[in-house]
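Asker: Okay, here's what each chain looks like letter by letter:
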Amino acid sequence: MNLTAKNKCFLVALSALAGFVNGFLGGGGGVIVVAEMLAILKLHQKYAQATALLVILPLTVVSAIVYLVKGNVDWIPTLWTSLGVVAGGIAGALLLSKLKGNVAKIIFALVLIAGGIKMFF
Amino acid sequence: MQVFLLILFGFLSGIVGGMGMGGGTVLVPLLSFLDIPQKTIQAINLVSFVPMCCVALGFHAKNKLLKPQNVWWIVLPAIALAVAGALVADMAQNDVLRYCFAAFLLAVGIWQLIVAVRFAVRQHRQKRNSSQSTRNAL
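Protein chains in written order, with numbering that gives the first Met the number 0: chain U, 0 to 120; chain Z, 0 to 137.
Hints are computed from structural coordinates only; laboratory data are not their basis.
Keep in mind that a hint or two might mislead.
Per label pair, the in silico range of CB-to-CB distance [said to hold, decoys possible]: (1) U:V11 <-> Z:R134: 49 to 57 Å; (2) U:K7 <-> Z:K126: 34 to 42 Å; (3) U:A4 <-> Z:V2: 51 to 59 Å; (4) Z:D94 <-> U:P57: 28 to 36 Å.
Dumping the calculated DSSO-like pairs for lysine-lysine here, alpha-carbon to alpha-carbon at most 30 Å [as the list claims (entries may be wrong)]: (5) Z:K63 <-> U:K7; (6) U:K41 <-> Z:K66; (7) U:K7 <-> Z:K126; (8) U:K7 <-> Z:K66; (9) U:K104 <-> U:K117; (10) U:K45 <-> U:K5; (11) Z:K66 <-> U:K69; (12) Z:K61 <-> U:K104; (13) Z:K63 <-> U:K45; (14) Z:K61 <-> U:K5; (15) U:K104 <-> Z:K126; (16) Z:K63 <-> U:K104; (17) Z:K126 <-> U:K5; (18) U:K45 <-> Z:K61; (19) U:K41 <-> Z:K61; (20) Z:K126 <-> U:K41.
Sample of chain U residues facing chain Z (criterion: CB under 8 Å; computed from the structure) [what the hints assert, rightly or not]: (21) S14; (22) F19; (23) V20; (24) G27; (25) A38; (26) L42; (27) A49; (28) V65; (29) V85; (30) I89; (31) V110.
Quick reminder that beta carbons are idealized off the backbone N, C-alpha and C, glycines included.
Taking the hints into account, I'd like the entire structure generated from these sequences.
Answerer: Laid out in structure tokens, this is it:
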């Protein structure tokens, strides 16, 4: 797909926002990246979700290095959590190729809203 | 008990993250149930995401789900601002980061819900229209 100059500008601006959010909040940039892949690159949902990881990986590595250098990483809880995250990641990656319908998206949205409310109080 | 919860919360968010739906948006609020400062939670999320992402990408490459064309337009500006974001986070207070994350989750959650419900309504209408035209044809 050939991108127009306007689309390239949108991509750069939204990606910069995704990068800042990911570095500042330690996550969340993927949601913006998936959205721009759907809206501007016109990828189908599954491809957008998978390819977004290709983008999020380098920017997460860079953000993690800054957190590490600034002394914000506590290795013991990080290692235990990573164990669970890797196991869950394998399950999630296998599930994506079988994912159908809109239900997962609605559940995910409700989980986000619940998480947001919880973190405010 | 905390070790069990860390693994469990990691596993649940890993499922979402492996699907490319934003595992951090699940892990960060879950870890906030434990007595861990917000900045440490964010660092846990970032570091734990790296090995999971490598494994998930391997599966997606095998399933031919990766479309890397034009990805550089996203990667380069995102990396530049990610460094800036991480540096600003280091200067910010834990409570400020926590409220910002909460506001971000609420905004994204409401937006995703609207998109998903709109999609469901459109699908329902299409289904109804196609069954009506089949009945008319009979």
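Asker: Determine for every hint whether it applies to the structure shown.
Answerer: Hint by hint, here is what the structure shows:
no. : hint                         : verdict
1   : U:V11 <-> Z:R134: 49 to 57 Å : holds, 50 Å
2   : U:K7 <-> Z:K126: 34 to 42 Å  : holds, 37 Å
3   : U:A4 <-> Z:V2: 51 to 59 Å    : holds, 52 Å
4   : Z:D94 <-> U:P57: 28 to 36 Å  : holds, 30 Å
5   : Z:K63 <-> U:K7               : holds, 25 Å
6   : U:K41 <-> Z:K66              : holds, 11 Å
7   : U:K7 <-> Z:K126              : violated, 36 Å
8   : U:K7 <-> Z:K66               : holds, 17 Å
9   : U:K104 <-> U:K117            : holds, 20 Å
10  : U:K45 <-> U:K5               : holds, 25 Å
11  : Z:K66 <-> U:K69              : violated, 35 Å
12  : Z:K61 <-> U:K104             : holds, 24 Å
13  : Z:K63 <-> U:K45              : holds, 11 Å
14  : Z:K61 <-> U:K5               : violated, 33 Å
15  : U:K104 <-> Z:K126            : holds, 20 Å
16  : Z:K63 <-> U:K104             : holds, 22 Å
17  : Z:K126 <-> U:K5              : violated, 35 Å
18  : U:K45 <-> Z:K61              : holds, 14 Å
19  : U:K41 <-> Z:K61              : holds, 22 Å
20  : Z:K126 <-> U:K41             : holds, 24 Å
21  : S14                          : holds, 4 Å
22  : F19                          : holds, 4 Å
23  : V20                          : holds, 7 Å
24  : G27                          : holds, 6 Å
25  : A38                          : violated, 11 Å
26  : L42                          : holds, 6 Å
27  : A49                          : holds, 4 Å
28  : V65                          : holds, 4 Å
29  : V85                          : holds, 5 Å
30  : I89                          : holds, 6 Å
31  : V110                         : holds, 6 Å
The earlier numbered hints that this structure contradicts are 7, 11, 14, 17 and 25.
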